[in-house]
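Number of protein chains: 2
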Amino acid sequence: MLFGLLACVATAGRSQNTTIAERLGYPADAKLLIIHADDLGLAHSQNMASISGLETSPVNSASIMVPCPWFPEIAAYARNNNSADLGLHLTLTSEWKHYKWGPVSSRDSVQSLVNENGYFYSAVDSLGMYGSAKEVEFELRSQVKKAYQFGIDVTHLDAHMGAAVSTPDYTAAYMKVAKEFDLPVLMDSRINNLDHPGVKSLLADGPVIVDQIHTALPPDFEKGMAQYYTAVFRGLNPGLNCLLIHLAYDDEEMKAVTIDHPAWGAAWRQADYDFFTSPECAEILAEENIVLLTWRELRDKITRAK
Amino acid sequence: MLFGLLACVATAGRSQNTTIAERLGYPADAKLLIIHADDLGLAHSQNMASISGLETSPVNSASIMVPCPWFPEIAAYARNNNSADLGLHLTLTSEWKHYKWGPVSSRDSVQSLVNENGYFYSAVDSLGMYGSAKEVEFELRSQVKKAYQFGIDVTHLDAHMGAAVSTPDYTAAYMKVAKEFDLPVLMDSRINNLDHPGVKSLLADGPVIVDQIHTALPPDFEKGMAQYYTAVFRGLNPGLNCLLIHLAYDDEEMKAVTIDHPAWGAAWRQADYDFFTSPECAEILAEENIVLLTWRELRDKITRAK
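Residue numbers (my numbering), protein chains in the order written: chain A, 310 to 615; chain B, 310 to 615.
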């Protein structure tokens with residue numbers, strides 16, 4: 310019954326001048342939040358902690374790295390849990406020291422995206438030096454196709470380390486691939502400043518644009534994750550917000566994956582897990598009247614409701 | 310001094326009718342044994358347990374799976390430990406349920422070796438149905454080249470799951486690649502029965518041939534690994550023996566890698582680790598006058614001493 314009502318309101322308010330909140334039937338000043346776990350498929354530890362977060366905490370959305378070794382494990386979970394809000398964390402880098410992956414496409418077709426060892430570059434800047442936008446587009450499309458081939462009901466796309474939005478040409482490719490599969494993509498209002506014909510023409514469609522993306526940075530981790538996330542929740546502005554987090558256990562596997570890199574390391578991911586599965590997290594969200602929203606709703610009520 | 314003596318004896322006894330033991334300067338009835346850990350690079354757990362085995366137990370040789378996700382970790386170890394006896398566990402299958410890898414070569418150049426998901430086949434029989442020997446040879450060569458590119462002083466080649474020796478054509482490719490890099494390959498006397506011109510011509514070189522390969526099978530695991538390995542040591546025949554083992558910890562990562570497959574599973578690998586690092590293992594080897602030999606010795610004193 311509620312669903313029907315919201316659908317009607319959404320249909321009535323389809324104008325591009327109406328906010329996402331209003332298009333979904335919420336008051337204009339509603340504080341909407343997607344709590345989004347990144348990097349699924351990266352490691353077994355990441356998969357297990359993220360699944361636990363999705364099933365037992367306010368974490369309500371996540372995205373999967375298709376080129377990574379543990380992709381088949383999370384794909385099996387996605388097939389068996391059709392309603393989970395799982396998108397793709399489109400990946401163009403392989404940033405860890407001793408644990409590597411490369412493209413989903415055959416390497417000969419995306420040679421500008423790989424280093425001499427056949428892996429993706431470690432750094433976004435290296436990709437930007439050599440990666441052709443045409444090959445970026447080809448690889449992003451290959452990742453989406455492979456996810457569908459594995460039976461995942463993809464709810465959205467986003468960009469691991471921002472690599473797929475690190476140049477205007479890549480961003481146009483990212484938006485183009487999303488459009489082909491009728492999927493929302495994570496981007497915020499900075500997209501409106503991009504003077505690129507491919508981007509401009511896709512923006513004319515009125516895609517979902519997030520008002521504010523929040524994510525912890527190294528100084529936040531140093532001060533304590535509970536303090537950072539509490540401040541995000543207490544200070545959340547009305548509109549569509551997306552909070553990017555990373556859930557994994559501080560175990561031997563994850564310590565080895567993230568070796569020599571404390572930022573976004575195993576302890577960082579465990580701290581995220583600990584906060585989001587704590588009773589305090591749910592309590593603060595309730596106190597602040599924060600409405601949790603998924604990419605699935607955005608996909609089905611906005612992107613595909615045309 | 311001893312080294313000089315052995316080298317002289319080896320030179321003197323180079324005839325193909327002389328045993329490996331005699332060529333190395335041991336009595337003809339010496340019981341030579343390589344204790345060889347397989348599957349390095351497969352997982353972090355496998356790397357850590359194998360390194361521990363190599364450094365603290367009679368395990369004296371191992372081989373690395375170049376296409377696997379944790380290859381860069383064990384390659385870094387190999388670069389920092391030049392005297393370790395590390396060969397390549399040439400890999401043409403990706404047999405686990407939720408954790409996958411594909412070829413080192415660009416996929417377009419070895420299409421007959423991969424399934425629709427871009428990974429190696431799970432089973433040796435699937436490879437045998439579709440895999441062209443020409444592409445097997447290309448991929449084996451790519452794996453050796455990549456190992457050298459990572460700075461590994463490769464001591465020998467062997468075949469993961471026997472895939473690279475599962476047909477006469479593949480076996481000829483395997484021996485040909487070994488010859489190109491002047492490396493010994495693991496094979497036993499069954500090789501002499503292979504009626505294949507490529508194999509016959511390479512056998513004419515008088516390569517190292519192991520007299521007996523030992524490895525635990527599921528009934529051995531069920532009865533207890535200590536019992537099996539003790540029986541192998543007590544009953545070891547004179548000649549060149551190679552014992553293939555698998556060292557890993559029975560931890561969350563390894564349990565997930567080997568899920569739904571108790572044979573060669575995480576508990577199996579922990580049982581191997583426990584036996585080989587026990588005081589009993591070293592004691593029985595000493596009691597039986599077993600001489601531990603490495604592939605490095607075979608490479609440098611026989612294969613390359615021409």
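What the hints contain is simulated information worked out from the structure, not anything from laboratory work.
Careful, some of the hints might be misleading.
Where chains are identical, the list cannot tell them apart; a pair therefore holds if satisfied intra-copy or between any two copies.
List of simulated lysine-lysine pairs, DSS-like, C-alpha gap at most 30 angstroms [to be verified]:
#  : residue 1 : residue 2
1  : K454      : K485
2  : K443      : K340
3  : K443      : K564
4  : K443      : K455
5  : K443      : K532
6  : K509      : K564
7  : K488      : K532
8  : K340      : K454
9  : K340      : K564
10 : K406      : K615
11 : K509      : K406
12 : K615      : K564
13 : K615      : K532
14 : K406      : K454
Here's how the hints hold up against the structure:
1. Taking CA atoms no more than 30 angstroms apart as the test, K454 paired with K485 passes inside one copy only; the shortest distance there is 14 angstroms, against 38 angstroms between copies.
2. Taking the shortest Cα distances, K443 and K340 never come within 30 angstroms of each other, neither inside one copy (38 angstroms) nor across copies (61 angstroms).
3. Taking the shortest Cα distances, K443 and K564 never come within 30 angstroms of each other, neither inside one copy (35 angstroms) nor across copies (40 angstroms).
4. Taking the shortest alpha-carbon separations for K443 and K455, both the intra-copy value of 18 angstroms and the inter-copy value of 27 angstroms come in at or below 30 angstroms.
5. For the homomeric pair K443 and K532, neither the shortest alpha-carbon distance inside one copy (42 angstroms) nor that between copies (58 angstroms) is at most 30 angstroms.
6. In the homo-oligomer, the alpha carbons of K509 and K564 never lie at most 30 angstroms apart, since the shortest distance is 42 angstroms inside one protomer and 49 angstroms across protomers.
7. In this assembly of identical chains, K488 and K532 lie within 30 angstroms of each other by CA distance neither inside one copy nor across copies; the values are 40 angstroms within and 58 angstroms between.
8. Proximity of K340 and K454 under a CA criterion of 30 angstroms is satisfied in neither setting, with 34 angstroms inside one chain copy and 56 angstroms between copies.
9. For the homomeric pair K340 and K564, neither the shortest alpha-carbon distance inside one copy (36 angstroms) nor that between copies (42 angstroms) is at most 30 angstroms.
10. Within a single copy, K406 and K615 get their C-alpha atoms no closer than 45 angstroms, and across copies no closer than 40 angstroms, so neither meets the 30 angstroms cut-off.
11. Neither within a single protomer nor between protomers do K509 and K406 lie at most 30 angstroms apart by alpha-carbon distance, with minima of 38 angstroms and 44 angstroms respectively.
12. Within a single copy, K615 and K564 get their C-alpha atoms no closer than 46 angstroms, and across copies no closer than 46 angstroms, so neither meets the 30 angstroms cut-off.
13. When the C-alpha separation of K615 and K532 is checked against a cutoff of 30 angstroms, the pair qualifies neither within a copy, at 45 angstroms, nor between copies, at 65 angstroms.
14. Proximity of K406 to K454 under the C-alpha cut-off of 30 angstroms is found in both arrangements, the shortest distances being 28 angstroms within a copy and 21 angstroms between copies.
Checked against the numbered hints given earlier, this structure breaks hints 2, 3, 5, 6, 7, 8, 9, 10, 11, 12, 13; the rest are met.
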